[in-house]
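The residues making up each chain are set out below.
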Amino acid sequence: MHIVVCVKQVPDWDIPPSSFKVDEAAKKVVPPQGVAPVVSQFDAIAVEAAMRVKDVKPDTKVTILSLGPASARDAIKHGLAMGGDEGVLIDDASTLDGDSLATAKTLAAAINKIGGVDMVLCGRQAVDWDMGVTGTMIAGILGWPVVTIAKSVTVNGSVTVERVLSDGYETVEASLPAVVTVSNELGEPRYPKLQQIMMAARKQVQVWTAADLSLDGAQVGQAGSQLTLDRLYQPVSETQVELMEGDTPEEQAQNLARKLREAKLI
Amino acid sequence: MAEGILVVGEVAEGKLSPTTSELLGAARKLGAGAVSCALFGPDAAGLAQSAAAAGADKVYVVDDTALADYTTDGYAQALAKVIEQASPAAVLLGQTDVGRDLAPAIGARLGVGVAMDAIELSWQNGGLQITRPAYGGNARAVNGFKSTPAVATVRPKSQEALEPDASRQAEVISVAGAIDAAQIRTKVVNKTKAAAEGIRLEDAEVVIAGGRGLGGPENFAGVEELAKLLGGAVGVTRAVADMGWRPVSEQVGLTGKVVSPTLYIAIAVSGASQHMAGCSGSKNIIAINKDPDANIFKSARFGIVGDFKQVLPPLIEAVKKIKAEG
Ligand SMILES: Cc1cc2nc3c(=O)[nH]c(=O)nc-3n(C[C@H](O)[C@H](O)[C@H](O)COP(=O)(O)OP(=O)(O)OC[C@H]3O[C@@H](n4cnc5c(N)ncnc54)[C@H](O)[C@@H]3O)c2cc1C
Ligand SMILES: Nc1ncnc2c1ncn2[C@@H]1O[C@H](COP(=O)(O)O)[C@@H](O)[C@H]1O
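From first to last, the protein sequence lines are chains A and B.
With the first letter of the first sequence counted as 1, position 129 gets the number 128 in numbering that gives the first Met the number 0; the numbers rise by one all the way through.
With the first letter of the second sequence counted as 1, position 142 gets the number 141 in numbering that gives the first Met the number 0; the numbers rise by one all the way through.
Think of the hints as simulated: they come from the structure by calculation, not from any bench.
Note that the coordinates shown come from a computational prediction; the quantities given were computed from them, not determined experimentally.
Hints may contain errors.
Heads up, simulated BS3-like pairs for lysine-lysine below, C-alpha to C-alpha not over 30 Å straight-line [unchecked claim]:
| id | chain 1 | residue 1 | chain 2 | residue 2 |
| --- | --- | --- | --- | --- |
| 1 | B | 227 | A | 263 |
| 2 | A | 263 | B | 297 |
| 3 | A | 20 | B | 319 |
| 4 | B | 28 | B | 80 |
| 5 | B | 319 | B | 308 |
| 6 | B | 297 | A | 26 |
| 7 | B | 156 | A | 26 |
Chain A with its partners taken away, still in its complex shape:
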């Protein structure tokens, strides 16, 4: 069994809303000062899903794949520290800032080059653009089935996935090879121990360019994108809260009830 987990490195999302900044002219988010980028939340959970398969079937090989700037090596290292075996980094400026389709094409080409892959795991959505399409597009490009928003992934000849639906769950079986996208309902990702982090430093990370994947510049990154980013901005909220007065919580509560009544809300 060979599993590839696609992990994206993103700006840390766990920052106070006031430190979130956009450069409107560049149409880019300004990464918060002094806060290191991290593995996208659902991607660490996708690594966890792969490790749970490996826990049961120890001969499973797990490859951590990322497309990003040189710093994305840290995201791969995190996956390796969680127990991944090998890493592949697509580090090529021409592949950056593409839309999901261009990114999926590049990742799919890398998965083909890795070869012999039985399952690809992705996050349900990346925590930067919140798009949630790359995994399904990789499946479409590879011609594989896909199951999205998994809360559990079990492999036994085929793959059985419990999917999270808005009003419950469904269990779906897919033939392998397949792509599965993973959601937080799967559970917390394991936390690497110091020794595992040290071991990960010695694990191999291959670095590929678009040319290594036989892709030319017109197929990848912005040039290969079908979506245009016409504007990026921060929404402004203009609500002014009216805080309830009162010497005691009871008084505050009574004042709130009265306000709600006056506004015909109750």
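On the provided structure of chain A, position chain B with the ligands as indicated by the hints.
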């Protein structure tokens, strides 16, 4: 020439889903030519008239037993057939279980760009342009499309449905060619519906939301009592669902449900942007939080800075009293 808008319709409890009506309303408002609606599965044909009443000029029906359960492969095949026949300039889906799954599948199949979770739509220079939240709701991105058809999902409740007009007629087109079941590589083996009691969260006019600050599942008793008293539903944050205090089906937010009640009372909820993504359309947000700097107060009309343990019981009493007075 690709022209007009195709809306991918969904069926909910045997009826055209409210989100479908919203999409049809939005498609008409775009003024980009004819509006078509695709309907799949055994209930489809019977709903063509509802789609017409909601704004469709044409209804494409794909009725095939292979479409009884939603599968990515089956629905992508069906939608590709409709797109081929209708040749629309843009395809709109809901940001729903189906739309989330189907939009990227059709995008990959046709090799076209896809944008998810649009909250605003416009027609610019003969093409679709959408605005969507990104970075957990902290940013807004405006996207255009180089490829045709443009494919976008639209956030439920972000658009307005038209007043249904029963006299409207649509041309109903039954799409020929069966679905190739051999190409459906996934199989739904089991479905579990979350036990739903009382009013549906998405439809509720009043939502009482509880967050991690409640400290444990036992403290939802007050939240439930207030919800019952006001004829509302209980909503929760992801933190609460992740800890298993409440079912995931009650989660409100970016990766949960979108609600837009008249009254949204958030108790011990910090108001993270990803949570607000699911409730910022509420007409009146009320916040009870012990932290005066909590983000939730930035979106609230009324607020109480205080401990829910001390505020909630007298609030329930005061509401009861008002209710009793009539
Ligand atoms: C990609 C992504 C998607 C996400 N999707 C969602 C989503 O769909 N929905 C969602 O909700 N979250 C989502 N989140 C998580 C979100 O970022 C927050 O972590 C979450 O909403 C926090 O939940 P909370 O407000 O209950 O908890 P906390 O942030 O821990 O806040 C608890 C609040 O309770 C207050 N409090 C504590 N004790 C008391 C007391 N005694 N009385 C009164 N107040 C008290 C505190 O002051 C605090 O403000 C997502 C995150 C990511 C990264
Ligand atoms: N640059 C990337 N490198 C590796 N994986 C990625 C990249 N972009 C997206 N993915 C994968 O695709 C998932 C969905 O991303 P998105 O469609 O951008 O929301 C992510 O959770 C990752 O698993």
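Against which earlier hints does the structure fall short, listed by number upward?
-> Structure breaks hint 3 only.
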